[in-house]
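Residue numbers (the numbering used here), protein chains in the order written: chain A, 38 to 417; chain B, 7 to 274.
Read the hints as simulated data drawn from the structure, not as lab findings. These figures come from a predicted structure and were not determined experimentally. Be careful, since some hints might not be right.
Claimed, not checked - Once the Cα atoms are required to be at most 30 Å apart in a straight line, the calculated DSBU-like pairs of lysine-lysine come out as:
| # | chain 1 | residue 1 | chain 2 | residue 2 |
| --- | --- | --- | --- | --- |
| 1 | B | K155 | B | K268 |
| 2 | A | K196 | A | K246 |
| 3 | A | K335 | B | K120 |
| 4 | A | K117 | B | K97 |
| 5 | B | K75 | B | K268 |
| 6 | A | K364 | A | K196 |
| 7 | B | K155 | B | K62 |
| 8 | B | K62 | A | K86 |
| 9 | A | K364 | A | K335 |
| 10 | B | K75 | B | K129 |
| 11 | B | K75 | A | K86 |
| 12 | A | K246 | A | K117 |
| 13 | B | K62 | B | K129 |
| 14 | B | K75 | B | K62 |
| 15 | A | K81 | B | K75 |
| 16 | B | K129 | B | K155 |
| 17 | B | K268 | A | K117 |
| 18 | B | K155 | B | K75 |
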Amino acid sequence: MIWSIRYLFFGLIVGSFGMAWSLPPAEGALLDGLMGGVEESLGKRAEEKGEQLIIGNFYQAERPDSHAPIGVMGDHTHNKGELMFAYRYMRMFMDGNRDGTNNVSASNVLSSYVVTPLQMTTQMHMFSWMYGLNDTVTLTAMLPYVMKSMDHRNRAGVKFTTNASGFGDFKVGALWRLYAFETPSIGAHRFHLNSGLSLPTGGINPTDKTPLGNNSLLPYPMRLGSGTVDLLPGLTYTGVLHNVSWGLQALGTIRLGENQQGYGEGHRYQLNTWGAYRWSEWISTSTRFNWQQWGNIKNRDGQLQTTVGPMNLPLVQTADPDLQAGKRLDILGGVNILFPEWMGLENHLNVEAGLPIYQYLDGPQLKQSWSFWAGWQIVM
Amino acid sequence: MKTTHIIGIMGGVLLIMGATVAQAYTVGEVQHGGTIQGHVTFSGTPPTPLRFAVEKNPEICGQERSLMKVETHNGGLTGAVVVLEGVQTGKPFPEQAFTGHLPGEGEFRYQGGKTLGLQVKTKGCNFGPFTGVIAADEPVQFGNQDPIKHTLHTFSARDTKGTILRTIHNQDIHPQDTVDRTFDSGKLRGNPVVRLTCNRHDFMQNWLYVVDHPYFAISDTEGRFTITQIPPGTYTLLAWHPILGEQRQEVQVMENGELQPKFQFETK
Chain A
38 MIWSIRYLFF
48 GLIVGSFGMA
58 WSLPPAEGAL
68 LDGLMGGVEE
78 SLGKRAEEKG
88 EQLIIGNFYQ
98 AERPDSHAPI
108 GVMGDHTHNK
118 GELMFAYRYM
128 RMFMDGNRDG
138 TNNVSASNVL
148 SSYVVTPLQM
158 TTQMHMFSWM
168 YGLNDTVTLT
178 AMLPYVMKSM
188 DHRNRAGVKF
198 TTNASGFGDF
208 KVGALWRLYA
218 FETPSIGAHR
228 FHLNSGLSLP
238 TGGINPTDKT
248 PLGNNSLLPY
258 PMRLGSGTVD
268 LLPGLTYTGV
278 LHNVSWGLQA
288 LGTIRLGENQ
298 QGYGEGHRYQ
308 LNTWGAYRWS
318 EWISTSTRFN
328 WQQWGNIKNR
338 DGQLQTTVGP
348 MNLPLVQTAD
358 PDLQAGKRLD
368 ILGGVNILFP
378 EWMGLENHLN
388 VEAGLPIYQY
398 LDGPQLKQSW
408 SFWAGWQIVM
Chain B
7 MKTTHIIGIM
17 GGVLLIMGAT
27 VAQAYTVGEV
37 QHGGTIQGHV
47 TFSGTPPTPL
57 RFAVEKNPEI
67 CGQERSLMKV
77 ETHNGGLTGA
87 VVVLEGVQTG
97 KPFPEQAFTG
107 HLPGEGEFRY
117 QGGKTLGLQV
127 KTKGCNFGPF
137 TGVIAADEPV
147 QFGNQDPIKH
157 TLHTFSARDT
167 KGTILRTIHN
177 QDIHPQDTVD
187 RTFDSGKLRG
197 NPVVRLTCNR
207 HDFMQNWLYV
217 VDHPYFAISD
227 TEGRFTITQI
237 PPGTYTLLAW
247 HPILGEQRQE
257 VQVMENGELQ
267 PKFQFETK
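With the rest of the complex left out, here is chain B (with noise of 0.2 Å):
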């Protein structure tokens, strides 16, 4: 093989690795970061809630369960998931948890710092509220506090909507047990969502966008968000919910600037 050959094969691995790199987001000190606290809003009639008979362990579920989709309260929509596109170096990832509706008590807890840190608890026949996000390549530890199985079965969508659903794990996890699971980006494909289901309880059912980096929020029950410390710069500000879709805009965060915009959805 001649030099340039080999030099050549070389630079392209090297290039590759490169790019590679230069996608990963790095922790840094962000200084003059702005803020955006923004509201979604939803208009129209919420889809009625979704009245389950639980059929397994209702000793442990309950005899009925119902599952809200889409969750408002005076016009605000809870639970969308607002993500800043593009941003490659800032602040760590913030130590937050989220918990799910009652009977439930599943809780999404995002341990923060280099990573997402995404442990899953399930407890009450819940894993955790209905929307929350997700990292690549890095572990999601998923623990069962209940006396009983759970079969979890994990999927990638390929669009928001979750019209084509690819499984990405399929996994009993016993009871008091913990099992750490990763979600690869070969897997993942380049598909922004994952869901999650219990294969045992039809009603377990969340859904996650996948993020690379901690500029996102999740709407509050009266559909404000809030994230700070962003670097100055131009980006897009995406707004997703798993069953009314997404919504993009361009924000310019100025130096310690704050910024306010709106989302409003609408009965599909």
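Pulled out of the complex, with its shape left as it was, chain A reads as follows (with noise of 0.2 Å):
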């Protein structure tokens, strides 16, 4: 299962990243024209039903869920000429130490650790563009600023607090207009392709005051960016039908080789699917799924100290780097809201928030408690 779902987002890699750069900048759809037996199909059926068949409109009506819930992002392409720009804020709060599905206590982790993590605070300020360069492409960039907080506990019962913030990764990317019809039976479908890269300009070793010291380097999960390019495939679809719509996308984070610090973090793999209600021209609410997994850190740096004491005694599950991977599914209910034309401008206010209902972790490791996404999205 893992190895078809690793193909499959190979296959994506090679074909998002193939479009990018081996297609001439053409105008419309990727697919456009290659589809002549379902367009003759869905044709036939419109004109039974005295219906227009429309292919290639990717054109994204003024609605409230014309832009898929907060959390998700590279969800629709813009038209030619078209800018919007977003600022996103994330706040995920992990508590408490799980492995495999089991909860385990804090005392239980100290058995087999010098210390324990006991709690997460990471929040992100996510500032991104995205501009219609044409009628097959629209360009995206996105900056995060990111600031996580870590509690900890050792065998002593002492208590402290590790922080990190900064600059996190820069991700820059395309997406690539696939294919799309509509009638006004069955609704709008539209494709596109992902494909990005993301820069490493996160910090890769923060520092902080630990019992070991006032500049010890922190573990994987307090770094700022992954220290290697990785590349960002995908697959989107999202439908509309009168007041009801969806989407599914399919996400990969494909790590390049590994960072200065001597290590490369593991892959990573999403796959959203979302459904939404509009219940009135301003207002819509969401309900979205959302499956992650993703790899244990290859390699480990060097740097970082994994034992203490003349007995080697490991000290924290965080340093390990085969104790990193896991897999989580979370539910997800969201508000989007689209405010009046404000001198030309589209206005997205959009808030989501969620928790894991399936958690399955490479640990012991802290478990995510809940989520939180609230963003503002202005079309101009």
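Join the two chains, each given in its own frame, into one complex according to the hints.
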């Protein structure tokens, strides 16, 4: 199963970057004109119903659910010349440890490690831009500012907190329109490829005061970036019919090599599916399921202290490269609000919050409790 | 590669180029040209005009708008596009303008000369009349004289009924802005019909027939049309209406001759 998912993402990588680099700058959806059989069939059905079949329309009507729940990125494309700026705030809270699908108490963890994390809060301010380069490609860029805080306790019962903050990895990408079709009775269906690169602008050697010293190198979960150039392939499908809209998105984060600290984070795969209902012209609500799985760290950071004392006792599990993998299914509920047009600008205010309903961690690791997203999107 | 192969390839390229050049319309002197003065009529009951409650920008577009898809006066059909097919040399494109229905004040202006030179003036939430013509591979100027944004959405239609529409452009046109967009023949794929809509105002709908020469006319309010300076010869005369379909008839244009063909459309 895992290997088939990997092959799927490998295919997406090859496909999306192949599109990006080998095809001439086309104007229009990439699969336009290659779906003759589908169009014949859909066209015949539309004609029988006295409807029109429209091919290649990627226009997102100005409705609250024209954008996916705020936690989803790269969900829509833009018309040529259209610019969107978005600000997102994300807060994620982790509380307690888990090994596999079982919760593990702090004292239990402390029987194997000198220190255990108790809680962690991650906050991100994300600034992103989307620009419709032409009728095929929408360019994207995103710069996050990351703040992490982790509470710990050691065997002696001493509690301490470490903090790290700074800019994370800068992501650039392109969304490639693949195909779109719609009729009044079956609604609109749109497909696009996601492609991107994550550039290692986030710090991978944050330090803070710990019982070991004033400038201790913090372990992997406290790092602000991956330290590697990562590929970001994906495939997105969205649909809309009357007051209902939905979407499905597969995204990957494929790490290329190892970073300057000598390790490489594990690949990450995620699958989003969501549905939204538009209650009025200005408000919609959504439900989203987000499946993520991520791998362990390859090699290790040689500068990171992993044991302590003459007995070489394991220091903390967050410093163990083999205790980083996991998989999780989250359920999230959201609200999207579309504000009245002001000076020709389209304004969306969206919030979303959720919690895991399944969590398997190659632990002991901190387990996620909840996450919250809020964002403002301005389309110009 | 053998010399014969190279000669063969070059010959093929030249043939293709020659064919392409041969298809392009050229402006030249027309001597003893003929005239067609025809009439397009409609029998039956035209569909009731569609009514739209205006959701966006009612302060500019009005609270309610209507769209008359089949317009008749005294049995004459307004807005039928009549095209003499297959003319390759002849008169220059005429300069002419057609305005939309009030309260819209949109206009299709054809600059004329060696090309059609279509300019679409958007005003009062209206692109122009319900029907018109357009040429491939030359820029069409879309201007927005409204103080609000319009989102131009253009399609090519695989048949004249427009059952299958393919998006060509999706383009915001900001207030007082003008954009040039070309309808590439590669994207039209030989489709004869272009549709214009505004994604923000669903009552803004127009249909354009693709022409490559100036021997066309659009029937007036009484259904009458005139095509002048036609090089003598035998042609197919097409009458097209986006709702009612198309009809063709053979015509033989004599030197200085005048023809009075009639087309009659019926309720579908």
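Cross-check of the supplied hints:
1. A hinted pair counts as satisfied when its Cα atoms are at most 30 Å apart, and K155 of chain B with K268 of chain B does not qualify at roughly 42 Å.
2. As the CA atoms of K196 of chain A and K246 of chain A are separated by approximately 12 Å, the hinted pair is consistent with the 30 Å bound.
3. Of the supplied pair hints, the one linking K335 of chain A and K120 of chain B is violated, its CA atoms being roughly 67 Å apart against a limit of 30 Å.
4. Pair hint K117 of chain A plus K97 of chain B does not hold up; C-alpha atoms about 37 Å apart against a cutoff of 30 Å.
5. At roughly 21 Å between alpha-carbon atoms, K75 of chain B and K268 of chain B fall within 30 Å of each other, so this suggested pair holds.
6. Taking the CA atoms of K364 of chain A and K196 of chain A, the gap is near 29 Å; set against the 30 Å cutoff, the hint holds.
7. Taking the CA atoms of K155 of chain B and K62 of chain B, the gap is near 10 Å; set against the 30 Å cutoff, the hint holds.
8. Straight-line distance between C-alpha atoms of K62 of chain B and K86 of chain A comes to about 29 Å, which keeps the hinted pair within the 30 Å bound.
9. Our distance criterion of 30 Å between C-alpha atoms is met by K364 of chain A and K335 of chain A, whose separation comes to about 17 Å.
10. A C-alpha spacing of about 19 Å is found between K75 of chain B and K129 of chain B, which places the hinted pair at or below 30 Å, so the restraint holds.
11. Restraint check for K75 of chain B and K86 of chain A: satisfied, since their Cα atoms lie roughly 20 Å apart, inside the 30 Å limit.
12. At roughly 50 Å between alpha-carbon atoms, K246 of chain A and K117 of chain A are farther apart than 30 Å, so this suggested pair is violated.
13. A C-alpha spacing of about 15 Å is found between K62 of chain B and K129 of chain B, which places the hinted pair at or below 30 Å, so the restraint holds.
14. This hinted pair checks out: K75 of chain B and K62 of chain B have alpha carbons roughly 22 Å apart, not beyond 30 Å.
15. For the hint pairing K81 of chain A with K75 of chain B, the CA-to-CA distance comes to about 24 Å; that is within 30 Å, so the pair holds.
16. Under the criterion of a C-alpha separation no larger than 30 Å, the hint pairing K129 of chain B with K155 of chain B is consistent with the structure, at around 11 Å.
17. Taken as a hint, the K268 of chain B and K117 of chain A pair is broken in the structure, with Cα atoms around 44 Å apart against an allowance of 30 Å.
18. Proximity of K155 of chain B to K75 of chain B is assessed by CA-CA distance (about 25 Å); at most 30 Å being required, the pair is judged to hold.
Going through the hint list in order, the structure does not satisfy hints 1, 3, 4, 12, 17.
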